[in-house]
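Q: So you can see what is in the structure, the chains are spelled out below.
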Amino acid sequence: MSTHKSILIKPKPYMNPYLAGIGLGLVLLASYIIMGRGLGASGAVSTVIAVGVNTVSPAHAQGNAFYSEYLGNGSVNPLKDWLIFEVLGVLVGGFVSGIFAGRVNKSIEKGPRISNPKRLFFALLGGALMGFGAKLARGCTSGQALTGGSILNLGSWAFMLCVFGGAYMFAYFMRKEWL
Amino acid sequence: MNLPFYKFGFFGAETGLVFAFLIGIGFGFFLERAGFGTAKKLAAQFYFTDLTVFKVMFTAIVTAMLGVYFLSSFGFMDFSLINVVDTYIVPQIVGGLILGIGFVIGGYCPGTSVVACATGKIDGVVFFGGVFLGTFIYGEVYPIIQSFANMTYMGKVTLPVFFNIPYGVLVFAVVLMALGGFAGAEWCEKKFGYKKPVEVSNEN
Numbered sequence: 001m002s003t004h005k006s007i008l009i010k011p012k013p014y015m016n017p018y019l020a021g022i023g024l025g026l027v028l029l030a031s032y033i034i035m036g037r038g039l040g041a042s043g044a045v046s047t048v049i050a051v052g053v054n055t056v057s058p059a060h061a062q063g064n065a066f067y068s069e070y071l072g073n074g075s076v077n078p079l080k081d082w083l084i085f086e087v088l089g090v091l092v093g094g095f096v097s098g099i100f101a102g103r104v105n106k107s108i109e110k111g112p113r114i115s116n117p118k119r120l121f122f123a124l125l126g127g128a129l130m131g132f133g134a135k136l137a138r139g140c141t142s143g144q145a146l147t148g149g150s151i152l153n154l155g156s157w158a159f160m161l162c163v164f165g166g167a168y169m170f171a172y173f174m175r176k177e178w179l
Numbered sequence: 001m002n003l004p005f006y007k008f009g010f011f012g013a014e015t016g017l018v019f020a021f022l023i024g025i026g027f028g029f030f031l032e033r034a035g036f037g038t039a040k041k042l043a044a045q046f047y048f049t050d051l052t053v054f055k056v057m058f059t060a061i062v063t064a065m066l067g068v069y070f071l072s073s074f075g076f077m078d079f080s081l082i083n084v085v086d087t088y089i090v091p092q093i094v095g096g097l098i099l100g101i102g103f104v105i106g107g108y109c110p111g112t113s114v115v116a117c118a119t120g121k122i123d124g125v126v127f128f129g130g131v132f133l134g135t136f137i138y139g140e141v142y143p144i145i146q147s148f149a150n151m152t153y154m155g156k157v158t159l160p161v162f163f164n165i166p167y168g169v170l171v172f173a174v175v176l177m178a179l180g181g182f183a184g185a186e187w188c189e190k191k192f193g194y195k196k197p198v199e200v201s202n203e204n
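Here the protein sequences come in this chain order: A and B.
Be aware that the first sequence starts at 1, since it is given in the working numbering, and climbs by one per residue.
Be aware that the second sequence starts at 1, since it is given in the working numbering, and climbs by one per residue.
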């Protein structure tokens, strides 16, 4: 795992966090100006899951209020979804930024005191918790904290405080994974 | 000017998908530039060693908040046409706590894991797979938890409306809070941050 070829270029340092924040904020503002909506990520996953379940068992998907909400009324293909196209853009934008900075390389990101399989197990577990929690909260860090935060949505601010609160409370138990 | 363009019918839903893709490129670009493609940098936020997550997030919130505030108060943008997600306060508090715990266990959030996938991080790919798994589990148990998930519905409610404080005053308060937070974050990093030589020694 430690040998990767693309390290011929030394990775460039990250952008100043305040400048990156202004850039991110302007992208979000552009989204409001053009579309009247903010950014998101977890919603795209919900649509894909709903379509997947509907393909395997239409009766099961359409009898479930959660899946059927993402399937629409049948007049448009549910995969022609704003968030799905946005997330595809995130994939491209992340790659473009990474390649020009020499940061695209096959690796597993973790602290020095944890094995690769354990780290991957925690990645799966954390992802599953996030997927589940984001549905209860009606959005994730992108759709709620960032987007809702900037238009001062009450639920978004309560959510954001709880994300940071939950993470700080639990950080002690995960220190072997990161430190 | 009539903003937002889409809501005033300047273009249709199909064209909107093109903008979705372009906006996504910008979003992914700045997430990666900030260093959010690696779980190590994101998780460091919760050990006070690197507060980039807080700094980037609150700079972005303040930037967009000021933009929307000034565009709407000068009459360029109709704030009532902006999508505001409904508040369900108790499920959102519980969901937020679950998300926070998932953040420090998994090291990413859904959006940043997409950037990690794009830059070859195996743990990012596995995490993103986990998001699919968690969403599927939610869908399957939804009939059981439906009443909890929909409790304490409050509709579209913003902080100025809820606390009955003028929009501009709240915007100003958030800016002050963010500036205070940035000062605190810089102080924290000086006190708990990594020693520089450790960071540079990662040569292979």
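For the record, the hints were derived by calculation from the structure and aren't laboratory data.
Owing to the predicted nature of the structure, the values given are computational and were not obtained by experimental measurement.
C-beta: ideal position from N, C-alpha, C; glycine also.
Careful: at least some of the hints might be erroneous.
No more than 30 Å apart at the CA atoms, straight line, and that leaves these computed lysine-lysine pairs for DSBU-like [to be verified]:
1) B:K191 / A:K10
2) B:K190 / A:K80
3) B:K190 / A:K176
What follows is a set of in silico ranges between Cβ atoms, one per label pair, in the way DEER data are often shown [unchecked claim]:
4) A:K80 / B:K156: 24 to 30 Å
5) B:K191 / A:F173: 18 to 24 Å
6) B:A183 / A:V76: 45 to 51 Å
Q: Could you run down the list of hints and mark each one as holding or not?
A: Against the structure, the hints:
Between the alpha carbons of K191 of chain B and K10 of chain A the distance comes to roughly 28 Å, so the proposed pair stays at or under 30 Å and holds. Distance check on the hinted pair: K190 of chain B and K80 of chain A sit about 47 Å apart at the alpha-carbon level, beyond 30 Å; violated. The suggested pairing of K190 of chain B with K176 of chain A holds, with an alpha-carbon distance near 23 Å, which does not exceed 30 Å. Between K80 of chain A and K156 of chain B the CB atoms are about 26 Å apart, so this pair conforms to the stated range of 24 to 30 Å.
One distance hint, 18 to 24 Å for the beta-carbon pair K191 of chain B and F173 of chain A, holds here, with the actual separation near 23 Å. For A183 of chain B and V76 of chain A, the Cβ-Cβ distance of about 49 Å falls inside the hinted range of 45 to 51 Å, so the restraint holds.
In terms of the numbered hints stated before, the structure departs from hint 2 and from no other.
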